[in-house]
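> Sequence:
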Amino acid sequence: MKELFSHYIPKPLGQRKIYSVLIPLVKVDGNWHILYQIRSETIPQPGDVSFPGGRVEEGESLSQAAIRETCEELNLQKEDINLFGEIDYLVHQHRTIHCFIGQILVHDWQAIEPNKDEVARLFTIPLQKLMEQAPTYHSLAMTLDDQQDFPFDRIRKGRKYPFSEQARTIPFYDENGETIWGMTALFTHRFTEILKENGEIPDQ
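Under full-length UniProt numbering, the first residue of the sequence shown carries the number 1, and numbering increases by one thereafter.
In case anyone wonders, no lab produced these hints; they're calculated from the structure.
Among these hints, one or two may not hold up.
To be verified - Using 25 Å as the maximum straight-line C-alpha spacing, the simulated BS3-like pairs for lysine-lysine come out as follows:
id, residue 1, residue 2
1, K27, K78
2, K129, K196
3, K27, K196
4, K78, K116
5, K27, K116
6, K129, K27
Values in this document were obtained by computation on a predicted structure and should not be read as measured data.
Produce the complete structure using the sequences and hints provided.
This is the structure in structure tokens:
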């Protein structure tokens with residue numbers, strides 16, 4: 001057993017899918033902006049604000065997946081992306097979602113013609129504005145369904161047991177008439193917090 005566990009590589013329990021996304025940065029009049037996209041009506045979560053990203057394919061690294069998905073969704077080449085690095089990642093239910101930061105090397109972001117099958121449109125928000133305005137977190141309570149096939153009678157407190165997933169807090173930004181929420185808002189907020197924690201000035 002000692003030999004086995006000295007070489008065993010631990011994995012997240014319950015993880016079924018691994019995803020990578022990219023927070024795309026662009027320069028607008030010399031200032032950093034975050035580039036967001038609105039999801040097409042023909043894919044899951046239509047109309048939501050998101051970052052480019054998707055599932056990590058067999059044989060590719062996390063960063064390679066983020067770059068590939070960004071190229072596919074924004075119709076870019078790998079050379080158009082200057083990858084800075086990775087920030088904190090999210091473990092949610094059966095998914096692990098990794099998040100990278102990178103600059104899109106284009107003169108004018110409005111000249112980007114995204115893949116319309118996946119992206120309806122693009123918009124940007126100044127990074128400085130996002131650093132000054134934190135998102136609002138809202139609580140979402142989960143209720144237990146009476147029809148659930150779960151043996152509540154076998155655990156102490158039964159239905160009153162304090163299950164950890166019964167309540168969540170979900171961040172929301174409302175900027176320029178756009179609603180940014182959920183995972184996209186969470187990664188946005190964490191990115192700006194890391195900058196603040198390390199004393200980075202975004203427009204430099």
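> With reference to the structure, classify each hint as holding or not holding.
Here is how each hint holds up against the structure:
1. K27 / K78: With Cα atoms ~18 Å apart, K27 and K78 stay inside 25 Å; holds.
2. K129 / K196: 13 Å, holds
3. K27 / K196: 19 Å, holds
4. K78 / K116: Holds, because 19 Å separates the two Cα atoms, which is no more than 25 Å.
5. K27 / K116: Roughly 23 Å separates the two Cα atoms, so the pair holds.
6. K129 / K27: 14 Å, holds
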